[in-house]
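Letter by letter, the chains look like this.
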Amino acid sequence: MSTQSTRMAARFMVAPSVLVLLVWMIVPLAMTAYFSFRLYRLLSPDRTGWVGFNNYIWFFNSPDFWLALTNTLMLVGGVLVITVVLGILIALLLDQPVKGQGLLRILVIAPFFVMPPVAASIWENLFMHPQNGLFAALARGFGAQPILFLESYPMPSVIGIVAWEWLPFATLIFVTALQSLSSEQLEAAEMDGASAFNRFRYIILPHLTRAITVVILIQTIFLLGIFGEIFTTTQGGPGSASTTLPYMIFKQAIAAKDIGRAAAGGIIAVILANIVAYFLMRGLGRHLDA
Amino acid sequence: MTVTFRALLGASVAFTLTGAALAETTITVATVNNGDMIRMQGLMDDFYAKHPDIKVEWVTLEENVLRQNVTTDIATGGGQYDVLTIGTYEVPIWGKQGWLARLNDLPADYDVDDLLPAIRGGLTVDGTLYASPFYGESSMVMYRTDLMQAAGMEMPEAPTWADIETAAAAMHNPDAGVYGVCLRGKAGWGENTAFITAMSNSFGARWFDENWVPQFDQPEWKATLDFYLNLMNSYGPPGASNNGFNENLTLFNQGKCGMWIDATVAASFVTGKDSTVADSVGFALAPDNGLGKRGNWLWAWSLAIPASSQKQDAAKAFINWATNKDYLALVAEKEGWANVPPGTRTSLYANEDYAKVPFAKMTIDSINTADPNNPSVKPVPYVGVQFVAIPEFQGMGTTVGEIFSAALAGQKTADQALAEAQAAVTEEMKASGYIE
Amino acid sequence: MARAASPRRKLITTLTAWTVALIIFFPVLWMILTSFKTEASAVAMPPQFLSADWTLENYVEVWGRSAYPRFFWNSVVIAVGSTLLGLVIAIPAAWAMAFVPGKRTKDLLMWMLSTKMMPAVAVMIPIYLLFLRFGLLDTRIGLVLVLMLMNLPIIIWMLYTYFKEIPAEILEAARMDGASLWNEIVYVLTPMAVPGIASTMLLNIILAWNEAFWTITLTTTRAAPLSAFIASFSAPQGLFYAKLSAASAMAILPILILGWFSQKQLVRGLTFGAVK
Chain A
88 MSTQSTRMAA
98 RFMVAPSVLV
108 LLVWMIVPLA
118 MTAYFSFRLY
128 RLLSPDRTGW
138 VGFNNYIWFF
148 NSPDFWLALT
158 NTLMLVGGVL
168 VITVVLGILI
178 ALLLDQPVKG
188 QGLLRILVIA
198 PFFVMPPVAA
208 SIWENLFMHP
218 QNGLFAALAR
228 GFGAQPILFL
238 ESYPMPSVIG
248 IVAWEWLPFA
258 TLIFVTALQS
268 LSSEQLEAAE
278 MDGASAFNRF
288 RYIILPHLTR
298 AITVVILIQT
308 IFLLGIFGEI
318 FTTTQGGPGS
328 ASTTLPYMIF
338 KQAIAAKDIG
348 RAAAGGIIAV
358 ILANIVAYFL
368 MRGLGRHLDA
Chain B
138 MTVTFRALLG
148 ASVAFTLTGA
158 ALAETTITVA
168 TVNNGDMIRM
178 QGLMDDFYAK
188 HPDIKVEWVT
198 LEENVLRQNV
208 TTDIATGGGQ
218 YDVLTIGTYE
228 VPIWGKQGWL
238 ARLNDLPADY
248 DVDDLLPAIR
258 GGLTVDGTLY
268 ASPFYGESSM
278 VMYRTDLMQA
288 AGMEMPEAPT
298 WADIETAAAA
308 MHNPDAGVYG
318 VCLRGKAGWG
328 ENTAFITAMS
338 NSFGARWFDE
348 NWVPQFDQPE
358 WKATLDFYLN
368 LMNSYGPPGA
378 SNNGFNENLT
388 LFNQGKCGMW
398 IDATVAASFV
408 TGKDSTVADS
418 VGFALAPDNG
428 LGKRGNWLWA
438 WSLAIPASSQ
448 KQDAAKAFIN
458 WATNKDYLAL
468 VAEKEGWANV
478 PPGTRTSLYA
488 NEDYAKVPFA
498 KMTIDSINTA
508 DPNNPSVKPV
518 PYVGVQFVAI
528 PEFQGMGTTV
538 GEIFSAALAG
548 QKTADQALAE
558 AQAAVTEEMK
568 ASGYIE
Chain C
761 MARAASPRRK
771 LITTLTAWTV
781 ALIIFFPVLW
791 MILTSFKTEA
801 SAVAMPPQFL
811 SADWTLENYV
821 EVWGRSAYPR
831 FFWNSVVIAV
841 GSTLLGLVIA
851 IPAAWAMAFV
861 PGKRTKDLLM
871 WMLSTKMMPA
881 VAVMIPIYLL
891 FLRFGLLDTR
901 IGLVLVLMLM
911 NLPIIIWMLY
921 TYFKEIPAEI
931 LEAARMDGAS
941 LWNEIVYVLT
951 PMAVPGIAST
961 MLLNIILAWN
971 EAFWTITLTT
981 TRAAPLSAFI
991 ASFSAPQGLF
1001 YAKLSAASAM
1011 AILPILILGW
1021 FSQKQLVRGL
1031 TFGAVK
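Residue numbers (the working numbering), protein chains in the order written: chain A, 88 to 377; chain B, 138 to 573; chain C, 761 to 1036.
To be clear, the hints were calculated from the coordinates, so they are not data collected in a lab. The structure displayed is predicted, hence computed values, not measured ones. A virtual CB, placed ideally from N, CA and C, is assigned to each residue, including glycine. Watch out, some of these pointers could steer you wrong.
Unchecked claim - One side of the interface only, derived from the structure: several residues of chain C facing chain B at Cβ under 10 Å:
#, residue
1, Val820
2, Glu821
3, Tyr888
4, Leu892
5, Thr980
6, Ala991
Work out the full structure, taking the sequences as your base and the hints as a guide.
Here it is as structure tokens:
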């Protein structure tokens, strides 16, 4: 029931955000697009000029490119699955009447408070290190050989670390969403003899669809740009086993200081993200209104 | 009310007077977070006593982040820093670009001739000094005297790579958690690439020939990589492809390594309070193969001034204070000779108190045998022992480092790694216009 | 959600919940423990627990070495400032999109999220050059702007989600009663939205607090927040795990306290039963 005046008012209310984000998007995007067609290396400023699509071609020809794309999608997919599934389970758990709920929530959310480079460093050195790590100590305690996490399973290790960091985010959103679920509905269902599983499937899960959609969409966007954890732990290795597209861009921008190539990589990343988002919206978009 | 007003008035007058009298210059110093720099920040009272009109703001960052920020700033003309901490890699490149202020006019007490020739050479371009060395290092062998004794062996002062292999085999005891030798394997142009490049010099290999053609397809590089991989696979710790300087330092301090070949500065750590084997460490020169070059490198963290800085006089005063003989004496007095920043001045090594530090002699001998202008047995068109002082090296070195690290992790054979390195570097050299 | 549960069931649930929470929290706990050990003890193998050398020297040195208060204050200003600024712009927008949806609302939302698709590394130099041009380097206001812009899509999305939870009937009832738009927002919507706003605020303060790319790239001395503080303790020559842990603990503590207090807000929560 929105009147004409309400609609006008609504547009005014949205306008500042749109304006601000438009400028924020257009200006860097335009600059990046500009640089992507130029030869621009920080340390060789005298070599300059237009190079057409050369920077883009470099990426596509790079032996690591397709592996990096795959790794990027694997990272996003893996972290999503872990955080959504575990997030829902933990949210359900925290929603129960348990002692010390407030403190429990803080404990569960704590990983989100740790800065990503520090979190990665903790996992790499205090847990996964084959000589000094806790996991190695446990393995030796059982008489087994320590697993070389970062060397033999770099991608899963990175996925694990990132999932640990983002689990609190998902959990927090689900916990808040569960709070708006009326308990009467659940109690009525329980009285009617519905099993816990069915209660979950037919009442709780549908209620959570919007929250799940939001978590997936927001996390996807963040995860597509992650490189800090990879830099701290595996440096994209061994070789290129854990290199992702953002990490390739990172290497071009920071190590090679080739701004033109980094810019081209950025444009490619934006295109990739748009493709992913398109499919996500197609699949999940309707749940936003539910 | 009147009392308060008068008090405020009085206070503001006093404040203005003192403010005017000081006329302070504030300089921003960007630095690495290593022990020596941290120590310097603790000794600033001495600087302020000598220069009450200069205030110093510190930006302390980890090496990679520091390099990134400083390079971005100087390349875009950001002008945020007055003193930079940069290394022997950046100085030749930036000096040639004209991005650094010339340091030929430092006062006499700076005593530029006292600088170690190899280090001074690495920081001079066309006869002009562009940076003042704060600390210098080379690399050498650190080994466990107790384990060598138990194996009935003695480490020569100037070992060959064959000696190293024999020693590693003798000390290797994985069941007891001791590995024969720990070397860098972590990917990075300043990590494994630096080490292996320095090592390759002793095998007669080089990155480029006189015409800038990459040389990874040559027998010398094959010999280097084969030896490195074999040594590490037979006598190194598992997961070595993730071990950089820090990880190896921890391993050695915990007694898990029979030998460690790395920066001379590590010597003070392995004999310090965090080490469980502090009393059983011996030192030897970096190994060679009898070809005339040893496998040690040369590096100096130095202080430089961006050419765009508005406060060059104050900056030069600071640099002079931080790197001249008086500073070394100050550190010796307050923290002991073992903590004096090493590897910059001849006078330090002529000092008899310093000579008592166990690794002093080995450090200076190592530094003196490194020559960045003639790093390899064969002639080369570049400067740099464990790097190539061209802007493109950081990117190429990273790529090659990743390839070598993958080989160490068992993902490629040495031949595959060398072929990939050759292809990647050749492509980059063509794209950068060095070769057709 | 108070359901009458058997004591046994409550015990099992409590135990499970606590076990899971402790497992998740364990790395943070380990880090805090490490911050009280000597460096040698921190990396000793097997990991030392009771036999470790406990000390306060790390905290003393971390506090003494850098101007922690200044970094802390910068973090507070930047995190809170960017979040509040974002909320001011976002609340009206999210309200409008949630309650007066148009055909293009979903597209608009998606577009807003898409502004975050560019990896920060790729756009580092353009932004740096912009900041240089406008004199925003090493300023708090510059960082507030950047972080606000980065988080604005998230803030809008989260608010939108929470606003959608509020039954439209309530607002319509208020409208029927003759409430003006302004009254509608202030007296009806806001109280019901408070937990959602609080949750969004908390999350975004944390995101801004932990942001470690722009905060390090665009600052040097005056505006550098805790992320730069921590960066000065990581992976140098010579291990600083214990000190890094101490520095991190000092950076996390304020946020943990903030989180603790906001939790009470969330716990009070939406109880639509009561509203009906």
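Evaluation of the provided hints:
| no. | hint | in the structure |
| --- | --- | --- |
| 1 | Val820 | violated (13 Å) |
| 2 | Glu821 | holds (9 Å) |
| 3 | Tyr888 | holds (6 Å) |
| 4 | Leu892 | holds (5 Å) |
| 5 | Thr980 | holds (5 Å) |
| 6 | Ala991 | holds (5 Å) |
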